[in-house]
Amino acid sequence: MKKTGIFYGSTTGTTESVARLIADKLGIAPADVHEVTRLDTALAESYDALILGTSTWGDGELQDDWYDGLKVLQGAHLSGKIVALFGCGDSESYSDTFCDAMGLLYEGLKDSGCTFVGAVDDSGYTYSASVAATDVLFVGLALDDVNESDRTDDRVSAWAAQLQTELA
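Heads up: the sequence shown is residues 1 to 168, going by the numbering used here.
These aren't lab readings, by the way, just hints derived from the structure by calculation.
Misleading hints may appear alongside valid ones.
[Said to hold, decoys possible] Taking lysine-lysine pairs in the DSBU-like style, the calculated list, with each CA pair at most 35 Å apart, reads:
(1) Lys-3 <-> Lys-81
(2) Lys-81 <-> Lys-2
(3) Lys-2 <-> Lys-110
(4) Lys-71 <-> Lys-3
(5) Lys-3 <-> Lys-25
(6) Lys-25 <-> Lys-81
(7) Lys-71 <-> Lys-25
Given these sequences and hints, build the entire structure.
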């Protein structure tokens with residue numbers, strides 16, 4: 001597998017827990033799992049692949065730390081890098097902005113020259129709208145650990161298996 005770094009923004013700890021679960025399933029060392037506040041251009045460019053995770057806040061907004069993190073990534077040389085996204089949201093209380101922040105990361109990086117992997121079929125999810133959804137796919141792994149925590153491990157396991165192929 002390509003040299004992979006995981007970067008997450010987590011206010012309540014949920015996204016951090018998911019980041020560590022993904023790392024465990026992919027065999028990524030804890031030293032390669034980073035809070036986005038530690039992100040700088042050199043660190044981003046030191047990896048062949050980046051897995052980026054955020055929760056959605058307010059009315060479909062990025063987790064606070066990602067505003068600066070996204071600027072760092074937009075200034076980095078990402079051409080030829082592989083990027084996978086995951087997002088945490090609440091599909092019941094915020095069904096019209098479910099995992100929007102993941103979509104905002106995608107929108108902010110889509111012209112950077114990176115290649116996105118890890119799109120997930122949106123069947124089996126209950127939501128009304130999402131910036132992170134295109135046609136019948138999410139741009140990455142969408143998770144609702146509030147209302148569907150019983151599905152988180154299975155969804156992460158399936159996504160990790162998918163990424164192992166896409167990051168080979």
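Cross-check of the supplied hints:
1. Proposed proximity of Lys-3 and Lys-81 is supported: the alpha carbons are some 10 Å apart, at most 35 Å.
2. At most 35 Å may separate the alpha-carbon atoms for a hinted pair to count; Lys-81 and Lys-2 meet this at roughly 10 Å.
3. Using a Cα cut-off of 35 Å, the hinted pair Lys-2 and Lys-110 holds, with the two alpha carbons roughly 20 Å apart.
4. A distance of roughly 22 Å separates the Cα atoms of Lys-71 and Lys-3; the hinted pair therefore holds under the 35 Å criterion.
5. Distance hint between Lys-3 and Lys-25 is fulfilled; the C-alpha atoms sit about 15 Å from each other, no more than 35 Å.
6. For the given pair, Lys-25 sits about 21 Å from Lys-81 by alpha-carbon distance, which is consistent with the 35 Å threshold.
7. About 29 Å separates the Cα atoms of Lys-71 and Lys-25, which keeps this hinted pair within 35 Å; it holds.
Violated hints for the displayed structure: none, as all numbered hints are satisfied.
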